[in-house]
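Engineer: Residue numbers (my numbering), protein chains in the order written: chain A, 249 to 465; chain B, 249 to 465.
Treat each hint with caution, since some may be false.
One copy or two, either will do: identical chains are not told apart, so a pair holds if it fits within one copy or between any two.
Said to hold, decoys possible - Simulated pairs of lysine to aspartate or glutamate, EDC-like, Cα-Cα distance not exceeding 20 Å:
no.: 1; residue 1: 386; residue 2: 303
no.: 2; residue 1: 386; residue 2: 342
no.: 3; residue 1: 438; residue 2: 396
no.: 4; residue 1: 438; residue 2: 349
no.: 5; residue 1: 438; residue 2: 355
no.: 6; residue 1: 438; residue 2: 342
no.: 7; residue 1: 415; residue 2: 396
no.: 8; residue 1: 438; residue 2: 286
no.: 9; residue 1: 415; residue 2: 395
no.: 10; residue 1: 438; residue 2: 406
no.: 11; residue 1: 386; residue 2: 257
no.: 12; residue 1: 314; residue 2: 271
no.: 13; residue 1: 438; residue 2: 358
It should be emphasised that the hints constitute simulated quantities derived from the structure, not laboratory data.
Predicted model, so just to flag it, every value in this text is computed and none were measured.
2 protein chains.
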Amino acid sequence: MRISQLSTESGVPIPTIKYYLREGLLPQGDQTSATRAEYDQSHLHRLRLIRALLEVGRLPVATIRKVIDAVEDERLDVHHMLGTAHHALSTPVEPHPEDEDWQEARELVDRLIADLGWGVHPLAPTRDELTQAVVTLKRLGMPTSQEDLLPYATAALDLVRDLDITKIPFDGPRDVAVETLVICEVLYGKAFDVLRRLAQESESARILGATPCPPEG
Amino acid sequence: MRISQLSTESGVPIPTIKYYLREGLLPQGDQTSATRAEYDQSHLHRLRLIRALLEVGRLPVATIRKVIDAVEDERLDVHHMLGTAHHALSTPVEPHPEDEDWQEARELVDRLIADLGWGVHPLAPTRDELTQAVVTLKRLGMPTSQEDLLPYATAALDLVRDLDITKIPFDGPRDVAVETLVICEVLYGKAFDVLRRLAQESESARILGATPCPPEG
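One chain only, chain A, in its complex shape (with noise of 0.2 Å):
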């Protein structure tokens, strides 16, 4: 197809593809003249992916770079190409290693995860996200002992296994199983998370035999 169907077909406007192509985010097409392109299904892919990347998980172009080097560098496997996108959606944390609390609860997020038998790299940063979350939580005087944090581990494990994971396409083209996983991640997470919210506000009329809460109290 031609660049203005390829903007058709993906809503992204035409000045929009053609600073992708000369970022080098999107492959050049099939130069059938002087003035003329092809392109196919794989820059149809591309673009969705490039707008999951940008619009769902919010990224900076240079990430996004990051990202479609991997899908681009057919020696890395799936996983490893899934890897580049999972840390790139990870909110950077500085760690704090020479702070004792920071030490104690990094252990304990590294036990857990060994307990779990969790195959997590050593050095992936999401697991400085959870030492954080922990640190603040313990600085607040709330449980977060490994019995604390096992209930809320093993019902992440389940979600993960039996809805987010299944969605991934690990065996088509590797632009799809990457747009796939942010939106699992970014959106299935989004709307998880108001389900707890609105189960929360359920279950605390419940308790509290209140009828629902307007909005503003």
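Guided by the hints, dock chain B onto chain A, whose structure is given.
Structural biologist: Frame of chain A; chain B shown alone:
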């Protein structure tokens, strides 16, 4: 206790305490002389609540004032007081009732909540938040029928019933109940989100038979 001790015990600097007093977020102490006021446990609870709303909930001062007004308004029952904090924490979403996709998603959300028998106010902003997530998922071609969303809702309710809601002291001081709700909603919510991403990484490795993935994979 005097203001200096209140500062030591709460970890909040004296100038910040004076700012909260001026803004009416913290009730005045008991004036014992022209230059001395006495503070008590209730002031400590209030300072913890302000810190939770500010640092954990990342709410602006105007929103914090609304939550604190609800805490101080003893005519408001506990459920409605908690509801104010609850709604303050939701991300404002612009509804699009004129849009067909929006209408359809909103009907789905309302039906889901009704079928679950959840007690959530018809005007709760959380309904709009979920509607927006559903609209986005649907436009990206992801499954969003009631059947697709139901398992997420059930998992959310289990989590709330078994874990979140058990932590809230409904019959203690009003400040403490609201503080705990904010911490549970934001920080255990964050911890769960990270655990979900850790589980995704681990499950992807298991399914693909890969070794765990280093950062910058």
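Engineer: Which numbered hints are broken by the structure, listed smallest first?
Structural biologist: 8
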